[in-house]
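Chemist: Sequences and hints are given; from them, build the entire structure.
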Amino acid sequence: MKLKEFKLTERKRKGSPFTGLWTVVLKEMADHMGGIRMRLLVGLILLTALGSIYSSARAIRDAVGEDPFIILRLFTTSTDPLPSFVSFMGFLIPLAAITLGFDSINSEYNKRTLSRVLSQPIYRDALLLGKFLAALFTLTITLLSLWLIVIGVGLLLLGIPPSGEEVLRSLVFLVATLAYSGIWLIVAMLFSVIFRQPATSALASFAVWLLFAVFWSIITGLIAGLFGAGGEAGRSAAELTISRISPNTLYGEITLALLNPETRALGLVFFSQLQGALLGSPLPFLLSLLLILPHFTGLLAAVILFFALTYVIFQRQEIRA
Amino acid sequence: MNTNNNTVIKTENLTKCYNETPVVNNLNLSVYRGEVFGILGPNGSGKTTTILMFLGLTEPSGGKVNIVGFDPLREPLEVKRRVGYMPDSVGFYDDITARANLRYTARLAGIETEETEKRTNDLLTQLELIDVADKKVGTFSRGMRQRLGLAEVLLKQPEVAILDEPTTGLDPEAAQEFLRLIRGLKGKGITILLSSHLLHQVQAICDRVGLFSHGRMVLEGTVEELSSKVIGGAYDLSVEASGNDLEEQIRKIPGVVEVELYGENEFHIEAKEDVREKVAAEIVRAGGKLLSLNMKRHSLDDIYARYFEEERDEAQRVQANREKA
Ligand SMILES: Nc1ncnc2c1ncn2[C@@H]1O[C@H](COP(=O)(O)OP(=O)(O)OP(=O)(O)O)[C@@H](O)[C@H]1O
Ligand SMILES: [Mg+2]
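From first to last, the protein sequence lines are chains A and B. So in the working numbering the end of the first sequence lands on 328, straight run, no missing numbers. So in the working numbering the end of the second sequence lands on 1135, straight run, no missing numbers.
Please note that the accuracy of each hint is not assured.
[Stated by the list, open to error] Okay, derived cross-link-like pairs now, EDC-like style, lysine to aspartate or glutamate, Cα gap no bigger than 16 Å in a straight line:
#1 A:Lys118 x B:Asp898
#2 B:Lys874 x B:Asp941
#3 B:Lys1062 x B:Glu1092
#4 A:Lys19 x B:Glu888
#5 B:Lys1039 x B:Glu969
#6 B:Lys1099 x B:Glu1121
#7 B:Lys1106 x B:Glu1034
#8 A:Lys21 x B:Asp898
#9 B:Lys1039 x B:Glu1121
#10 A:Lys21 x A:Asp132
#11 B:Lys1062 x B:Asp1084
#12 A:Lys118 x B:Asp905
#13 A:Lys19 x B:Glu869
#14 A:Lys19 x B:Glu885
#15 B:Lys946 x A:Asp38
#16 B:Lys998 x B:Glu969
#17 A:Lys21 x B:Glu969
#18 A:Lys118 x B:Asp981
#19 B:Lys1082 x B:Asp1046
#20 A:Lys21 x B:Asp881
#21 A:Lys19 x B:Asp881
#22 B:Lys1082 x B:Glu1068
#23 B:Lys1088 x B:Asp1046
No lab work stands behind these hints: they were computed from the structure.
Modeler: Here is the structure:
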């Protein structure tokens, strides 16, 4: 029975899976942009961003002229009691992504619009991908405006424009932030496919986020402790590997490598790696990119994996409410 | 599958199982171009499941469907371009206007913008929704939503319109009005398949009906055909007469199938042919007094009730036999 069903789904179907994709994207984006939810989020993000950028600008003003990466410091400097801009983002971006995704599919069930929409000439692929892209584009617009604000504040308060490398580094950071938000978005969408109640899927998404944001370091330590045999070095290596399962770790390391050009290696640093290196001298942009390539690939792979999982589950669901 | 030009929907041994239990069981059904076909059956008899399989929204466990010349499993997009579907509980995006809802559907269906505006205005006028076209659907009553649902179906100018229980939740007058609209579509050459358990309504607008029970189509045909199949005698007389031994006398009349006596002098007569004259003559001949004589045609309600009564009796007999054994 199960096997037979599978065979049927595998049967070749005709027509592009992307028929109607852009219609869905446009409709969903209009919903996000016009929705009260997004306005609240943008307000929250703008407020915190401005606050943290303003206070870090005041703190680093004296270093203008000495530090070649002064604009990047705007992103990373934390001033007691405010965390830095990037730590705020690490917290607010998952929040935004989950908010945009947790009711994307189940709300269509609950409004009884799903069967009506799917009786139009589109595949479920287009609906799912369309909703994902729409949320991602919405986040892109938000992030781009944030980026412009940071650069603008830099100009106003510090009086200098960003250098070419600073622009490059911060833009790549933007792309990485998008990939990071993509994970939380697709996790929220996965739960929106699994759970019929939006409250349940929101809760489940936040539980996963909490697990990685707060408890993962504890869990990492516990699990690594089980591999005591490898000695101190083995234990640290295990700890690092496990901690890198968390998107938060990956994103944190990407941030570090991109926005702190002095970062020469991520995770465990062996003495041999530092030989010949001038401590404190910045790494060229391309080498920094190389450093984060595995992390970036990891984030992307996770997004694709979760998307595939969501797709398969959605595909097998009965559409009737 | 061989379909001639006049068959718009054809199924061959169509089967759907949930957890090994067949919900639609070896269904063989043909719907012809331009007709109004009604699917009848009690709750859970598989009407909605059948409809979903027609549109490729649920995968059959076995058998074949051909609708407007396509296999909905392999070419769902082609099918959905030509077939309009109104689900049994139609829902819209409440926070946008009726017009915006229709516009979204039209874009998904690939209708050009200009054409959409024109069709939308025509349809909303025709369905008397034009005054509320720019109101949010959240404020709509059930009847308005239902009409908007019909507008959406018609927007893509379908060859076939499939309506799942289109009149549930409507008050009698609105239901009547809605059925009139549906019947009007027939004039435009649209084939209509609708499911319902409101029998008198189905009877009023359907050319042919299929009676579903436990996933099988147990009866199919025009209401008259069904009537003679299930009830045998297609005539039902109600007679008021006083006299002695009338019941015996009437029973002897050729053509009479069954006579029942209610109270003192009211008879219900079931007959294979029109026996009004003979009954009247017999009563007079027997020295009785004929007070009234009425004949009624069988409605679908009678057929339905009778069919499921017989089915229940049959089931009870089987049960009893099993207990005996
Ligand atoms: N996803 C599902 N899993 C298991 N059983 C299901 C599922 N969907 C429907 N069924 C069963 O299939 C049977 C037929 O359901 P269907 O909705 O087709 O009936 P229906 O004739 O449309 O009934 P109604 O008049 O109430 O709308 C029911 O017994 C129902 O319990
Ligand atoms: Mg139903």
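Chemist: Each hint: holds or not?
Modeler: Tested hints:
no.	hint	verdict
1	A:Lys118 x B:Asp898	holds (13 Å)
2	B:Lys874 x B:Asp941	violated (44 Å)
3	B:Lys1062 x B:Glu1092	holds (10 Å)
4	A:Lys19 x B:Glu888	holds (14 Å)
5	B:Lys1039 x B:Glu969	violated (32 Å)
6	B:Lys1099 x B:Glu1121	violated (39 Å)
7	B:Lys1106 x B:Glu1034	holds (13 Å)
8	A:Lys21 x B:Asp898	violated (28 Å)
9	B:Lys1039 x B:Glu1121	holds (14 Å)
10	A:Lys21 x A:Asp132	holds (13 Å)
11	B:Lys1062 x B:Asp1084	holds (15 Å)
12	A:Lys118 x B:Asp905	holds (11 Å)
13	A:Lys19 x B:Glu869	holds (14 Å)
14	A:Lys19 x B:Glu885	holds (9 Å)
15	B:Lys946 x A:Asp38	holds (14 Å)
16	B:Lys998 x B:Glu969	holds (10 Å)
17	A:Lys21 x B:Glu969	violated (20 Å)
18	A:Lys118 x B:Asp981	violated (23 Å)
19	B:Lys1082 x B:Asp1046	holds (9 Å)
20	A:Lys21 x B:Asp881	holds (10 Å)
21	A:Lys19 x B:Asp881	holds (12 Å)
22	B:Lys1082 x B:Glu1068	holds (10 Å)
23	B:Lys1088 x B:Asp1046	holds (14 Å)
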